[in-house]
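Participant: This is what each chain is made of:
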Amino acid sequence: MSYVPHTDRDREEMLRSIGASSVEDLLREIPPSIRFGGALPLPRPLSQQETEEELARLAGLCRGAHGFDSYLGGGSYDHYVPALVGATTSRPEFYTAYTPYQAEVSQGTLQAIFEFQSLIARLTAMPIVNASLYDGATALVEGVWMASGEKVGRSEVLVARSVHPRYRAALCAHLAVSGLRLRELPAGEGGDIDLSMLKESVSSETAVVVVQSPNFFGLLEKTGEIGEIAHAAGALFLQIFEPVSLAILATPGEAGADIAVGEGAALGSRPSFGGPLLGLFAAREAFLRRMPGRLSGMTEDALGERAFTLTLQTREQHIRRDKATSNICTNQGLVALAAAVHLAAMGRVGLRRAALLTQERALLLRRLLGEGGARFPFAGPFFREFVVRFPEEAVRAGLVDHLQSKGILPGIPLEGAYPELGGCRLVAVTERRSPESIRRFADLVRGFRGAERGVRYA
Amino acid sequence: MPNPVIFELHKQGRSAEHLPLPAGPESEILASIPERMRRRAPLPLPEVPELELARHYERLARMNHHVEKDVYPLGSCTMKYNPKLHEKVASLPGFAALHPMTPEELSQGALELLVSLEEALKAITGMDAFTLQPSAGAHGEFTGLSLVEAYYRRKGETRPKVVLPDSAHGTNPASVRRLGLVPVEVKSDERGEVSLEALERIVDGSTAALMLTLPNTLGLFESRLPRIVEIVHGAGAQIYLDGANLNALLGIVRPGDVGFDVMHTNLHKTFSTPHGGGGPGAGPVGVKEHLRPFLPTPRAVRSGDRFAWDHDCPDSIGPVHSWYGNFAILVRAYAYIRHLGAPGLREVTENAILNANYLRSLIEKEYPIPYRRIAMHEFVASASRFFKDSNVRAMDIGKRLLDFGFYAPTISFPLIVKEALMIEPTETETRESIERYAEAMLRIAREIEEDPERVRSAPHETPVRRVNESLASRRPRLAWEETADGGGEPPRD
Amino acid sequence: MNVPEDLKYTREHEWVLVEGKEATIGITDYAQSELGDVVYVEFPPVGETVRAGEPAGTIEAVKTVADLFAPLSGEVIEVNETLADEPERVNRDPYGEGWMFKVRVEDAADLDDLLGAAGYRKLLEDAHGS
Chain A
1 MSYVPHTDRD REEMLRSIGA SSVEDLLREI PPSIRFGGAL PLPRPLSQQE
51 TEEELARLAG LCRGAHGFDS YLGGGSYDHY VPALVGATTS RPEFYTAYTP
101 YQAEVSQGTL QAIFEFQSLI ARLTAMPIVN ASLYDGATAL VEGVWMASGE
151 KVGRSEVLVA RSVHPRYRAA LCAHLAVSGL RLRELPAGEG GDIDLSMLKE
201 SVSSETAVVV VQSPNFFGLL EKTGEIGEIA HAAGALFLQI FEPVSLAILA
251 TPGEAGADIA VGEGAALGSR PSFGGPLLGL FAAREAFLRR MPGRLSGMTE
301 DALGERAFTL TLQTREQHIR RDKATSNICT NQGLVALAAA VHLAAMGRVG
351 LRRAALLTQE RALLLRRLLG EGGARFPFAG PFFREFVVRF PEEAVRAGLV
401 DHLQSKGILP GIPLEGAYPE LGGCRLVAVT ERRSPESIRR FADLVRGFRG
451 AERGVRYA
Chain B
459 MPNPVIFELH KQGRSAEHLP LPAGPESEIL ASIPERMRRR APLPLPEVPE
509 LELARHYERL ARMNHHVEKD VYPLGSCTMK YNPKLHEKVA SLPGFAALHP
559 MTPEELSQGA LELLVSLEEA LKAITGMDAF TLQPSAGAHG EFTGLSLVEA
609 YYRRKGETRP KVVLPDSAHG TNPASVRRLG LVPVEVKSDE RGEVSLEALE
659 RIVDGSTAAL MLTLPNTLGL FESRLPRIVE IVHGAGAQIY LDGANLNALL
709 GIVRPGDVGF DVMHTNLHKT FSTPHGGGGP GAGPVGVKEH LRPFLPTPRA
759 VRSGDRFAWD HDCPDSIGPV HSWYGNFAIL VRAYAYIRHL GAPGLREVTE
809 NAILNANYLR SLIEKEYPIP YRRIAMHEFV ASASRFFKDS NVRAMDIGKR
859 LLDFGFYAPT ISFPLIVKEA LMIEPTETET RESIERYAEA MLRIAREIEE
909 DPERVRSAPH ETPVRRVNES LASRRPRLAW EETADGGGEP PRD
Chain C
952 MNVPEDLKYT REHEWVLVEG KEATIGITDY AQSELGDVVY VEFPPVGETV
1002 RAGEPAGTIE AVKTVADLFA PLSGEVIEVN ETLADEPERV NRDPYGEGWM
1052 FKVRVEDAAD LDDLLGAAGY RKLLEDAHGS
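Protein chains in written order, with this note's numbering: chain A, 1 to 458; chain B, 459 to 951; chain C, 952 to 1081.
With the rest of the complex left out, here is chain A:
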């Protein structure tokens, strides 16, 4: 029932060895007044078979995961994952192991993390990468925290409105009592950052400028110029990047970012209703001693052989306690391993191809939707994702429900986080959406006749 292996006889003999008459005897130091009486109010225990059936019932009720073509993005992307990834992460040597504090019997984990750090460093063209943080949102929080520690005396954090809304909200939640002032930089007319607006907004009060590229709308930002403007004002530049896109887009390193953070789950993990995720965190050499999170370093053992170990641990909370650079105790171990295996399995060719295929199909859908009467508020260059305004009458006549009934999830509605984009949806395409599916989506939009109103659309 609970994976406890003891027979009654085992228990008796163990108690005798301890010198206790019963397990109850071992609980005698707990004041009786606070003991819980009776049984916990939970449903009756299920056998493994019944447990599996119950979980399968719940999974079955997640209809959106069965037979739907999903064009949902917004920070979670459904990319192809090679089979080797799951085969590796489901090895008990990796998934049941603890944090590799005893380096001599944890070289597998430590080397895998070192390889992860190295792969992400190459992907981002940034020199220092940690072993990962919880997710992109908390990586952003840690990055802003680190930047503000570097720029003592400057308390303003300039964050673009086109940064993921939940990331901005998480920043507020985590920094509410930090004394840092979060200031929003509005998006320009084109949905990307207006450089002259940025120049006016940055000041000697600004510790760091935070920009996401591709931004939440899928648009590409002029990261090189943004970095220059930030530095000219004495501020740091933090870029939120997206790992798959870096196969073909300019890296944070090339853009002159001081700190680069991102969501890495698209490398090797499935959407999984939003978790677990993988916070990617990279920075320039100068930040080495302020890095949050774990670091796996190369060293040697007592015989001079190459070995790996967690290093610079004095930054961390279990040693420095209240003076730690962060309170983070963990990395996303297994998810980082998945990302490392994914990058190694895809290799340079595979990752480029994923990015190119993704972009090719995104361009195809956008063109076809446009031909079918959809409009696009933003015209600038984008990667994988774009904002669409479907024909208003079609939407009012139930286009979205219609598409859903035909097995299509047509993007994320934007009016919640961006009232100025009411009626618009954020549509994402990956290499997993076939050209046939894309054509079908566009045809359904083009050919939609609001049944009750008999309206026809060419």
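By construction, these hints were calculated from the structure, which means they are not laboratory data. Just to be clear, a hint being listed does not mean it is correct.
[Claimed, not checked] Residues of chain A placed beyond 12 Å of chain B at every Cβ, according to the derived structure:
1. R181
2. G398
3. L444
[Stated by the list, open to error] DSS-like, lysine-lysine: derived pairs with alpha carbons at most 30 Å apart:
4. K1014(C) - K527(B)
5. K1073(C) - K876(B)
6. K1014(C) - K876(B)
7. K1053(C) - K1014(C)
8. K876(B) - K823(B)
9. K469(B) - K527(B)
10. K1053(C) - K151(A)
11. K846(B) - K1014(C)
12. K619(B) - K151(A)
13. K1073(C) - K1053(C)
14. K846(B) - K645(B)
15. K1014(C) - K151(A)
16. K619(B) - K823(B)
17. K1073(C) - K645(B)
18. K823(B) - K846(B)
19. K619(B) - K1014(C)
20. K1053(C) - K846(B)
21. K645(B) - K746(B)
22. K645(B) - K469(B)
23. K1053(C) - K645(B)
24. K846(B) - K580(B)
25. K527(B) - K546(B)
26. K613(B) - K746(B)
All C-beta atoms in this analysis are idealised placements derived from N, C-alpha and C, irrespective of residue type, glycine included.
Chains B and C: place on chain A using the hints.
Facilitator: Relative to the frame of chain A, chains B and C by itself:
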């Protein structure tokens, strides 16, 4: 011979063909991206034939100790068995392929799971509401303390202090600092419990909370908890439970019933979700009614006979996760709770305590327990006599245990015990495993008398010998770099 | 335990070499052996004024961090930059090439609070005995 690093396996053009080719020419696709926005830096990701990759990870796997290899009694980590069934259900396509922004009506199963898990955690802990968003214990601490901070800000009370026992885990003061609050230490008494006298002196109207681990990091129950609750609530402050040691309380004590206002749980400890080599975990935070309004948003709720997202949380501190929490981990914990039920969870705690005390009874003559008390699910022994007599430290004993095919206990924590060995076998170890572990510890004790150097220079039989940590810190090498001659050299002193 | 006669000492196991208005500060042989391998030293910035008895920086060993205190008040005029690349100098030669920072003495009275070699040796004996 060291294992090659992945970059050393590179063979140009030989990685597997995972994806089809684009329909059109690359140049056409790239034309959609202005040149100055394209990647110009090389992309030196290795290309490795698939079989070579599989062998690479096989070699790495073989170098790891893990729960299915042998005993792993890390104190406060609860390295219990991670049921295979959980891996199976967490990867059901209905869960794995589900996007977090899937419309409500198409994600009912996931919403129902979140609601049911919250209800189960409430039943287990006696708290009134839970957020499932925090990604780990430390994240849970931050979240829980944020709720307390928001509560007092709303009340208009200035309470900058958070009181912590001197035995607290380092994440506790670090989390406090993160909130801009001031950690204040309260000393433990000769029984290893919080000194009531010191507590009374320290707690006052400027105290936001007392953070307790229960049982504490010595594995001891705070036997005067009701009085502690009185003192803290009497000053108008909150009591926070660090739930790392919840494995000792299931079905025995419900924190919400006995005075705790807020707590975090560690699903990757108590509720058997895998440690993953350092993560991902999950640290759901439970609260009593007065803190509910501040919980992170959105919340999964019942709505008639359906399930829905509640975004109407005006006093919420905001989200602490990019989405709703580490869902695939929550699935595993839920499966565990449904399988065990109340009787199973009670059995977990009873046997965790039994196992810890059994192991203690087998080694305590050689490894004295500083506090002459019954331990709960873990205990702390001291190796200080070996240090005094033979200059052998707890760390050396830990390293020598690796030679026996075991994992070491938690070393040198808590700080209030010299040369501490914190040992938690968990309830899933057989008595035979426990006896083998005890036997190894006793052999090492004898070896320290006969040949202390062998212990001091351990380990001798692990895939690598004792690792040079100071070299790693003095000359940090955190990423692989090709040297001029194509290889990568490890740093030399 | 090496305790040079010509230096002054603090209860936090630091040494002070006074030359006119300048004081050079480091940690003692006992301190470096207690800490183990030093991996990094964080100094107070040059130009900053430190206060006697207050933390002015940190010394990191592999598994511990210790505060570096200012034994007396004054302006920091120089720090030992070589320790960035070779922190092991602190272990190898704590009184010589392992020196940490120099301060311009603000108040000569601060020096009276320091221990002499004999006083520091006694401190070590008492610590060991307990």
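Participant: Evaluate each hint against the coordinates.
Facilitator: Outcome of the hint check:
1. Every CB of chain B is more than 12 Å from the CB of R181(A) (nearest about 14 Å), matching its label as outside the interface.
2. Annotated as non-interface, G398(A) keeps its C-beta farther than 12 Å from every C-beta of chain B; the closest such distance is 14 Å.
3. For L444(A), the non-interface assignment is confirmed: its Cβ lies about 17 Å from the closest Cβ of chain B, beyond the 12 Å cut-off.
4. As the CA atoms of K1014(C) and K527(B) are separated by approximately 28 Å, the hinted pair is consistent with the 30 Å bound.
5. Between K1073(C) and K876(B), the direct Cα distance comes to roughly 24 Å. Compliance with the 30 Å bound is thereby established for this hinted pair.
6. Under the criterion of a C-alpha separation no larger than 30 Å, the hint pairing K1014(C) with K876(B) is consistent with the structure, at around 15 Å.
7. A distance of roughly 27 Å separates the Cα atoms of K1053(C) and K1014(C); the hinted pair therefore holds under the 30 Å criterion.
8. Restraint check: the Cα-Cα separation between K876(B) and K823(B) comes to about 17 Å, which is no more than 30 Å; the hinted pair holds.
9. Restraint check for K469(B) and K527(B): the C-alpha separation of about 34 Å exceeds 30 Å, so the hint is violated.
10. Between K1053(C) and K151(A) the alpha-carbon distance is near 26 Å, which keeps this suggested pair within the 30 Å criterion.
11. Distance hint between K846(B) and K1014(C) is fulfilled; the C-alpha atoms sit about 21 Å from each other, no more than 30 Å.
12. Proposed proximity of K619(B) and K151(A) is supported: the alpha carbons are some 27 Å apart, at most 30 Å.
13. Taking the CA atoms of K1073(C) and K1053(C), the gap is near 26 Å; set against the 30 Å cutoff, the hint holds.
14. A hinted pair counts as satisfied when its Cα atoms are at most 30 Å apart, and K846(B) with K645(B) qualifies at roughly 25 Å.
15. This hinted pair checks out: K1014(C) and K151(A) have alpha carbons roughly 28 Å apart, not beyond 30 Å.
16. As the CA atoms of K619(B) and K823(B) are separated by approximately 41 Å, the hinted pair breaks the 30 Å bound.
17. With a C-alpha separation of about 29 Å, the suggested pairing of K1073(C) with K645(B) holds against the 30 Å cut-off.
18. A C-alpha spacing of about 17 Å is found between K823(B) and K846(B), which places the hinted pair at or below 30 Å, so the restraint holds.
19. Between K619(B) and K1014(C) the alpha-carbon distance is near 28 Å, which keeps this suggested pair within the 30 Å criterion.
20. Annotation: proposed proximity of K1053(C) to K846(B) is violated, straight-line Cα distance about 38 Å (limit 30 Å).
21. Note on K645(B) and K746(B): the hinted pairing holds, with a Cα-Cα distance of about 28 Å set against a maximum of 30 Å.
22. The straight-line distance between the Cα atoms of K645(B) and K469(B) is roughly 60 Å, outside the 30 Å bound, and the hint therefore fails.
23. Straight-line distance between C-alpha atoms of K1053(C) and K645(B) comes to about 37 Å, which puts the hinted pair past the 30 Å bound.
24. Under the criterion of a C-alpha separation no larger than 30 Å, the hint pairing K846(B) with K580(B) is inconsistent with the structure, at around 48 Å.
25. Taking the CA atoms of K527(B) and K546(B), the gap is near 21 Å; set against the 30 Å cutoff, the hint holds.
26. Among the hinted pairs, K613(B) with K746(B) is consistent with the structure: their alpha-carbon atoms are about 16 Å apart, no more than 30 Å.
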